[in-house]
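Q: Build the full structure now, drawing on both the sequences and the hints.
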Amino acid sequence: MSEPLIFKRYYVWQLPVRICHWVNALSILLLSITGFLIGYPVIAGSSPQSFVMGWVRFIHFVAGYALIISVISRLLWSLNDHCFSGWREYFPFLTKEGRAEILVMLKFYFFIDRKTPDAVGHNPLAVTAYVGLFLIFFGMFASGFALYAEHAPGGVMATALKPVYLLMSTQTMHLYHHIGMWLIICFVINHIYSVWLLDIKEKGGEITSIFSGYKYTTKVHVFSEGKECDENGCFIRVKK
Amino acid sequence: MSSNKSSNVSEKTEQISGKQEFSIGEILKKRGVSRRDFLKFCSAMTAAMSLPASFAPTVAQALDEVKRPTLVWLNFQDCTGDSEALLRAANPTVGELILDILSVDYHETIMAAAGHQADEALESTITKYKGKYICVVEGSISMKDGGVYGCTSGKTHLEIARRVCGSAFATIAIGTCAAYGGIAAAIPNPTGAVGVRDAVPGATIINLPGCPCNADNLTATVVHYLVFGKIPALDSHGRPLFAYGKRIHDNCERRPHFDAGQYVEIWGDEGHRKGFCLYKMGCKGPATFHNCPTQRYNEKTSWPVAAGHPCAGCSEPQFWDAMGPMYKRLPNVPGFGIEHTADKIGLGMAVGVGAAFAVHGAISALRKDKDPAEKTKED
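So the sequences go chain by chain: X and H. Those letters in the first sequence? Residues 985 to 1224, per my numbering, in order. Those letters in the second sequence? Residues 808 to 1186, per my numbering, in order.
Treat the hints with caution; some may be incorrect.
[To be verified] Calculated pairs, SDA-like style, for lysine to any residue (alpha carbon to alpha carbon, straight line, at most 25 angstroms):
hint, chain 1, residue 1, chain 2, residue 2
1, H, K1087, X, V1046
2, H, K1135, H, G1161
3, H, K1053, X, L1151
4, H, K1087, X, A1136
5, X, K1203, X, L1078
6, H, K1135, H, A1113
7, X, K1185, X, W1166
8, H, K1177, X, G1082
9, H, K1135, X, V1036
10, H, K1087, X, K1203
11, H, K1053, X, K1203
12, X, K1203, H, R1174
13, X, K1080, X, S1178
[To be verified] Covered stretches of chain X, going by a simulated chain H footprint (3 or more residues, C-beta under 8 angstroms):
hint, stretch
14, 998 to 1011
15, 1126 to 1138
16, 1145 to 1158
17, 1168 to 1181
18, 1186 to 1200
Just so you know, these hints were derived from the structure itself, not from any lab. Predicted model, so just to flag it, every value in this text is computed and none were measured. Note that the Cβ used here is the ideal one computed from N, Cα and C, for glycine as well.
A: Okay, here's the thing in structure tokens:
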């Protein structure tokens, strides 16, 4: 490698995307810890005034609200026509190019091909997993807030969530809420591992990108046909 | 205004009962029930209906004046536990309730008549007071194979229920079996048992679930009808809001221990003796809506949690299936063995995923993949 490599820098994660990511990460961490303690209270108060479980539940509810606000904000942000954060990015399996990229990714993961994928925006396979994750989130919001609203039957929240009560019993909601947590934990393990792996293999600054917002690539042609993005501002120019 | 209202109601009830009778107040006086005891009963009923204490005189006045409503009591697939609970009700006593407040024209367990005589009593009541009598149903109704698994005097319960509940002013489904099918409807439900609501769609039904139903709630429902001339406000499961509008967990006397993180860990431990929260022993109070903590059973003596046993969730729909296992907080995962809880499966899943990625990482570390920069040169 005598000739110097030329890296192109892309501003992929806008500030709201990064904020949502870290609010999600923090609230998932808090929700999992407090949720586990609510299910298996290993904590013990020394006197009836200690309110230990009360605080654990309070943190769980606040983190739950933080997560739903963050997720809904992120969904609203995806309505802007941005190359890396717009809603189109989330459905690579709908386009031919996207499916090809997913195939490259799968071949890499299953050690079939040595060709390292070099995704500039979202990794096409990861983004497909995020769609599943968001569905799990909404299952957790429905079951979680339906359980929470039971303290005030007939209240605004309980009335709004009536379909959930018709669909399943309270105990079933508890069950799905636990299963949902474990699915999210499995996702987190996968997510952290993949970021780590691709940071090493792609050499594009995968891990730091979620702090700084920038990713690097040596690719000459980055985007599939009909989709071009500016290096800094990242707006779409659709050629027809 | 209140006297107007209650006199209207008394006229209405007179119309409903259709027979000239003494008012409840007069009967009680005749039977030697003191005014003081009567007013105490009225206050207790006002409290049971979640009405403010200022309503007690209204209740007393209305009960003073109204005539006894006609009532028929049907026993289907049941254990007669609700009849037992009612007969042993301390407030009102058997005499007050059965003989004075309600005119029970048909009740298989306690009526003197038998056989054809009993059938005639039922038949004459439902034809004479069509659309005016109150029907109480105890027990679930078998629907499978035309309802042949539950018959009384040669007729299926389904047939009887459709006929009797269909022409009643209102039907009170007493106990969890009558309300939702209960124990008989638990998996595999061999008789196709359902609650009255599912067996007689379209009938006016008040569900009073519980195993057994708290007799005070039945009396309060009847008193509500006598005082206001209509059935009480119901929730989406058809239960009166005054009795089923709040969650047990939120009114529990052990709730401070829950919030403090003080739990019974094993039966008979120090926490159990001190009256700590039964959450970890599988209490279903957080999933059950009933007035047990405030109304209690047997002259407000006790209720399961006060006696040191976790709530079984007996008054919720799909009890027994949805509330099992009794001594575990979470239901079992369908399709897995009994000891496989959601969290054991979840933990196994997480460990599996972690191990799979650890192996993947080890292989990836040893494997020499193409550098993206190399690819650039190829391109």
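Q: Does each hint fit the structure? Answer for all of them.
A: Hints versus structure:
Taking the CA atoms of H/K1087 and X/V1046, the gap is about 24 angstroms. The hint holds against a cut of 25 angstroms. Using a Cα cut-off of 25 angstroms, the hinted pair H/K1135 and H/G1161 is violated, with the two alpha carbons roughly 28 angstroms apart. Only pairs whose Cα atoms come within 25 angstroms are accepted, and H/K1053 paired with X/L1151 is accepted, the gap being roughly 20 angstroms. Pair hint H/K1087 plus X/A1136 holds up; C-alpha atoms about 23 angstroms apart against a cutoff of 25 angstroms.
For the suggested pair X/K1203 and X/L1078, the alpha carbons sit about 24 angstroms apart, so the restraint of at most 25 angstroms is met. In summary, the hint linking H/K1135 to H/A1113 is supported, as the alpha carbons are separated by about 19 angstroms, within the 25 angstroms threshold. Between X/K1185 and X/W1166 the CA atoms are separated by roughly 28 angstroms; this puts the pair beyond 25 angstroms, and the hint is violated. A threshold of 25 angstroms between alpha carbons decides the hint, and for H/K1177 with X/G1082 the separation of about 22 angstroms falls inside it, so the pair holds.
Taking the CA atoms of H/K1135 and X/V1036, the gap is near 22 angstroms; set against the 25 angstroms cutoff, the hint holds. Restraint check: the Cα-Cα separation between H/K1087 and X/K1203 comes to about 57 angstroms, which exceeds 25 angstroms; the hinted pair is violated. At roughly 63 angstroms between alpha-carbon atoms, H/K1053 and X/K1203 are farther apart than 25 angstroms, so this suggested pair is violated. Our distance criterion of 25 angstroms between C-alpha atoms is met by X/K1203 and H/R1174, whose separation comes to about 22 angstroms.
Simply put, X/K1080 and X/S1178 have alpha-carbon atoms about 24 angstroms apart, close enough for the 25 angstroms limit, and the pair holds. Note: the stretch 998 to 1011 of chain X has 0 residues with beta-carbon separation from chain H under 8 angstroms; the three-residue rule is not met and the coverage is violated. Here the stretch 1126 to 1138 of chain X counts 4 residues with a CB under 8 angstroms from a CB of chain H, which clears the bar of 3, and the coverage holds. For a cut-off of 8 angstroms, the count of residues in the stretch 1145 to 1158 of chain X with a CB near a CB of chain H stands at 8, and the three-residue condition holds.
Three residues within the 8 angstroms Cβ limit are the bar, and the stretch 1168 to 1181 of chain X against chain H gives 7, so the coverage statement holds. With a threshold of 8 angstroms between beta carbons, the proposed coverage of the stretch 1186 to 1200 of chain X by chain H holds, since 3 of its residues qualify and at least three are required.
In this structure, the hints that do not hold are numbers 2, 7, 10, 11, 14, in rising order.
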